[in-house]
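*Asks:* Protein chains in written order, with my numbering: chain G, 2 to 114; chain A, 15 to 127.
A hint or two may mislead.
Said to hold, decoys possible - Examples of chain G residues toward chain A, derived with CB under 7 Å: (1) Ala87; (2) Leu90; (3) Leu102; (4) Phe104; (5) Ser106.
As the list claims (entries may be wrong) - If you anchor each label on the Cβ, the simulated ranges turn out as follows: (6) G/Val14 x A/Glu65: 41 to 47 Å; (7) G/Pro9 x A/Asn73: 24 to 30 Å; (8) A/Glu67 x G/Gln15: 47 to 53 Å; (9) G/Ser28 x A/Tyr113: 44 to 50 Å; (10) A/Tyr113 x G/Ser19: 26 to 32 Å.
Simulated from the structure, these hints should not be mistaken for laboratory data. Note that CB positions come from ideal geometry on N, CA and C, so glycine has one too.
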Amino acid sequence: ILNVEQSPQSLHVQEGDSTNFTCSFPSSNFYALHWYRWETAKSPEALFVMTLNGDEKKKGRISATLNTKEGYSYLYIKGSQPEDSATYLCASKGMDSSYKLIFGSGTRLLVRP
Amino acid sequence: DAGVTQSPTHLIKTRGQQVTLRCSPKSGHDTVSWYQQALGQGPQFIFQYYEEEERQRGNFPDRFSGHQFPNYSSELNVNALLLGDSALYLCASSLGTNYQPQHFGDGTRLSIL
Numbered sequence: 002i003l004n005v006e007q008s009p010q011s012l013h014v015q016e017g018d019s020t021n022f023t024c025s026f027p028s029s030n031f032y033a034l035h036w037y038r039w040e041t042a043k044s045p046e047a048l049f050v051m052t053l054n055g056d057e058k059k060k061g062r063i064s065a066t067l068n069t070k071e072g073y074s075y076l077y078i079k080g081s082q083p084e085d086s087a088t089y090l091c092a093s094k095g096m097d098s099s100y101k102l103i104f105g106s107g108t109r110l111l112v113r114p
Numbered sequence: 015d016a017g018v019t020q021s022p023t024h025l026i027k028t029r030g031q032q033v034t035l036r037c038s039p040k041s042g043h044d045t046v047s048w049y050q051q052a053l054g055q056g057p058q059f060i061f062q063y064y065e066e067e068e069r070q071r072g073n074f075p076d077r078f079s080g081h082q083f084p085n086y087s088s089e090l091n092v093n094a095l096l097l098g099d100s101a102l103y104l105c106a107s108s109l110g111t112n113y114q115p116q117h118f119g120d121g122t123r124l125s126i127l
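Just chain G, same shape as in the assembly (with noise of 0.2 Å):
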């Protein structure tokens, strides 16, 4: 994989289903991963930056997990809300340019009432 993908591309849930997303990056020369979520009309808000492999991160109802061997890493929702909806982006920082972050397109969550 040369470039950072994510899946699905959109997601609609009904509130309270439980949901996860995949972000496909590559795994060699891996230096750092970021999850940020993007709400409509709003900035962009990071969530987490993972670094090791096996690496868990939560936050509320929200936790990722990172696997730097195999090149991915998943963001799950438990219990969905609408005040969830939202692109969820994630970027990869690879050792050649550690400064330079490469997103991924994002998934669209949509969240039901």
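Given the structure of chain G, go ahead and fit chain A onto it with the hints provided.
*Replies:* Chain A alone, transformed into the frame defined by chain G:
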């Protein structure tokens, strides 16, 4: 504590013109990155400024240039505007190290006619 502020919010220009976008970083931050976000895509890294120098650059032509001032604020200049430069331009600030998350502004929406 002021977050990242960008100006202007919206801008309309015609092909061939030049534009300057401005960014004030979050208080205490010394690093500013600029991104271009086209519809349906994730933010694309333009460049990053640290200590008034361009530290890293993405795959953007020389028409895109920038500057960082001693107070850490930054400008993005685009010359000879093309229709394809129409996008949302995001500024993000961070503090020094690569493991820190980036804090984004609300962006400048640039439309080229």
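*Asks:* For each hint given before, does the structure comply? Return the numbers of the non-compliant ones in rising order.
*Replies:* Violated: hints 1, 9.
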